[in-house]
Amino acid sequence: MERVAAGISKKQTPLPRRRLKQIWKYKLLYLLLLPAFAWVFIFDYLPLNGIRIAFMDYNIVQGFPASRWVGFQHFNALFESEMFRNAFKNTLIISLYKMISGFVAPIVLALSLNEIRKRWFKKTLQTAVYLPRFVSWVVYGGIVTILLSPETGLINKAVEFFGGTPAYLLVEPNYFRTILVVTDALKEMGWAAIIYIAAIAGLNPEVYEAATVDGATRFKKMLHVTLPGITGTIIVIFILRVGYVMSAGLDQIINLYNPMVFEVGDILDTYIYRVGIEQFNLSLAAAADVIKGVIGFVLVLVANQIAKKVNDSGIF
Amino acid sequence: MKLTRGESAFVASNYVVLTLLTLIIVIPFWYVLTVSITPYSQFSEKNGMILFPSSFSLEYYKYLLKEGSMIYQSYGNTIRNTVGGVALALFLTMTSAYALAEKKLPGRRIIMVYFVLTMLFRGGMIPTYITIKQLGLLNTNIVLILVMAYSAFNMIIMKTFFEGIPESLRESAAIDGASEFTILWRIVLPLSMPAIATVGLLYLVVYWNDFFNALLYVSDWHKAPVQLVLRTIIASSSLPPELLEAAGSAPPPTIGIQMAAIVIVALPMMVIYPFVQRFFEQGMLIGSVKG
Chain A
715 MERVAAGISK KQTPLPRRRL KQIWKYKLLY LLLLPAFAWV FIFDYLPLNG IRIAFMDYNI
775 VQGFPASRWV GFQHFNALFE SEMFRNAFKN TLIISLYKMI SGFVAPIVLA LSLNEIRKRW
835 FKKTLQTAVY LPRFVSWVVY GGIVTILLSP ETGLINKAVE FFGGTPAYLL VEPNYFRTIL
895 VVTDALKEMG WAAIIYIAAI AGLNPEVYEA ATVDGATRFK KMLHVTLPGI TGTIIVIFIL
955 RVGYVMSAGL DQIINLYNPM VFEVGDILDT YIYRVGIEQF NLSLAAAADV IKGVIGFVLV
1015 LVANQIAKKV NDSGIF
Chain B
190 MKLTRGESAF VASNYVVLTL LTLIIVIPFW YVLTVSITPY SQFSEKNGMI LFPSSFSLEY
250 YKYLLKEGSM IYQSYGNTIR NTVGGVALAL FLTMTSAYAL AEKKLPGRRI IMVYFVLTML
310 FRGGMIPTYI TIKQLGLLNT NIVLILVMAY SAFNMIIMKT FFEGIPESLR ESAAIDGASE
370 FTILWRIVLP LSMPAIATVG LLYLVVYWND FFNALLYVSD WHKAPVQLVL RTIIASSSLP
430 PELLEAAGSA PPPTIGIQMA AIVIVALPMM VIYPFVQRFF EQGMLIGSVK G
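Which chain is which? The protein sequence lines are A and B, in order.
According to this note's numbering, the stretch in the first sequence is residues 715 to 1030, in order.
According to this note's numbering, the stretch in the second sequence is residues 190 to 480, in order.
A portion of the hints provided could be inaccurate.
[To be verified] Calculated lysine-lysine pairs in the DSS-like style (CA-CA distance at most 27 Å, straight line):
| id | chain 1 | residue 1 | chain 2 | residue 2 |
| --- | --- | --- | --- | --- |
| 1 | A | K934 | A | K832 |
| 2 | B | K235 | B | K251 |
| 3 | B | K293 | A | K739 |
| 4 | B | K412 | B | K322 |
| 5 | A | K735 | B | K293 |
| 6 | B | K292 | A | K739 |
| 7 | A | K837 | A | K935 |
| 8 | A | K871 | B | K235 |
| 9 | B | K412 | B | K255 |
| 10 | B | K412 | B | K251 |
| 11 | A | K935 | A | K836 |
| 12 | A | K934 | A | K837 |
| 13 | B | K293 | A | K741 |
| 14 | A | K741 | B | K292 |
| 15 | A | K832 | A | K935 |
| 16 | A | K1022 | B | K292 |
| 17 | A | K836 | A | K934 |
| 18 | A | K735 | B | K292 |
Keep in mind the hints are simulated off the structure, nothing from the lab.
Chain A on its own, in the form it takes in the complex (with noise of 0.2 Å):
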């Protein structure tokens, strides 16, 4: 710690008797940080080591030692295999329908939310809104799966009222993209909207005032004040959004999906998991984390330059 920190006051003071003088003076920030700094090393950058078993044929019984170097073979074998092509392929496609509705749904919300005068109806909205946030996807998509079950599920018993024919949905490859999208959109939108409700209640009223002198009506408010005053926090959003487009929802697909849709449910997580710890092949997975790694964090860097270009609102 101590090493890291002088490291980088380097710069400011020449004198180091001065320096550590500084850092002495902060001794005990600096032993309030270490338990954290010792988790994020742990969990979080120890796992970088272990990447190299994606260039190894990673021996499970007798570890790294035993090991040999493989070089890119199993890159080579993901790109040769459909199944990984296919999982690629679902991901950005997956992605980028969540993209559109989870991204615009919540911002549709808040913007709904905030023409709502009644304070008790809006808080109720609100609290309701945010339920399914608080349960897991085993529970959600039990939900989902019970209510779209052909013989006992709601929205069949519904199909069939209105004379149409019941059928098994999460098993239509048809459906199943469509299904998670909506379901996704259900789960998470109240709860995303809630930054952008705080970014609103944060505007200025003298705008309001003014555009009403001007003769705005309430829709025009909405989209000539409202819209364009939350714009810096739907840019950083964004950018976070796009730095997980190459996760398209592991916890959803992997509690709704079944071999049955593979084809268009396989993503790049249920992928890994499949191959690396269902089937034992860790170095092949290992891969196949290593392609998704490196092409989420060149996204986010895109992104966020990007956005920085065009608001100046980058987020680092």
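Fit chain B to the given chain A structure using the hints.
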């Protein structure tokens, strides 16, 4: 304020659409609760279309909560992981956030990079799994407490909040001879309740709802959290043998069991969050300010 006709239409349709959306979000939960307390005879009679129960039965709950049921042990595991985990996570988050909130701390920038970098690039599922295995943590009682105990994102929320506490408050306490620890304990902590509640809730939800880390790192059923048991109950059209052992007699229909199990697992979080809502609505505002 008078509204024009167009505006009234806008406001009215807004009310209608939001109400509908809220119903779509809430009704599935209501339905699960209703079915879980309705006798199966009525369920099949009404063809599953029950939104308001006319008779009441706890048969599913009685079955799930039979003596020796898997649920008890796994529920205990979840409670232990959650209590231990949230305590550890809050400790790590608050100590590091407090230190990094001090603007004059030498090396602050590079230490910040050290923490934030983990949000951008991670080892991934398999390298992390290998590391956990090498540390000898697989299948232990503490692995789930440890692996989820820190999030740089939460630390930034906390740090931003600490930075908002007026310097003068701490300085005057220091002049009065209070030590750094006294200041932290007596002044900073009480003022930070909204941030602690927000971050605490975020960790609470992560710990209570985790199933994937359990899927990765815990294979012993006696150490599994209740989410994993629920997952088995939902995934199987028949019930897991672990549950049947305790049952003995013929079990009631699966769908009711599944719904009752969902209620048992989900209820604690659903009861808690409205009480903390006021705090996290504020807390997320702090988080939305650049870290």
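Fill in: Given hint A:K836 paired with A:K935 - CA-CA distance at most 27 Å
Measuring from Cα to Cα gives roughly 19 Å; hence the hint holds.
Discussion item. Hint check: B:K412 vs B:K255, CA-CA at most 27 Å. Holds or violated?
Written reply: Given pair B:K412, B:K255 holds - Cα atoms ~19 Å apart, limit 27 Å.
Practice prompt. Assess, step by step, whether the Cα of A:K837 is no farther than 27 Å from the Cα of A:K935, and give holds or violated.
Written response: holds (22 Å)
Worksheet entry | Given pair status - A:K934, A:K836, alpha carbons within 27 Å | holds (21 Å)
Practice prompt. For the pair supplied as a hint, A:K934 and A:K832, confirm whether the alpha-carbon distance does not exceed 27 Å.
Written response: Distance ~20 Å between A:K934 and A:K832 Cα, so the pair holds.
Discussion item. Given the hinted pair A:K934 and A:K837, is their Cα-Cα distance within 27 Å?
Written reply: The hint holds at about 24 Å.
Worksheet item: Is the Cα-Cα distance between B:K293 and A:K741 27 Å or less?
Response: The hint holds at about 13 Å.
Practice prompt. Take the C-alpha atoms of A:K741 and B:K292, compute the straight-line distance between them, and say whether it is at most 27 Å.
Written response: holds (15 Å)
Worksheet entry | Restraint check for A:K1022 with B:K292, where alpha carbons must lie at most 27 Å apart | holds (25 Å)
Item to complete: Below or equal to 27 Å on CA atoms is what counts here, so check A:K735 against B:K293.
Response: Holds - the C-alpha atoms of B:K293 and A:K735 are around 13 Å apart, at most 27 Å.
Worksheet entry | Satisfaction of hint between B:K251 and B:K235, Cα-Cα up to 27 Å | Distance of about 23 Å is within 27 Å: holds.
Discussion item. Between the alpha carbons of A:K735 and B:K292, is the straight-line distance 27 Å or under?
Written reply: Holds, at about 17 Å.
Violated hints for the displayed structure: none, as all numbered hints are satisfied.
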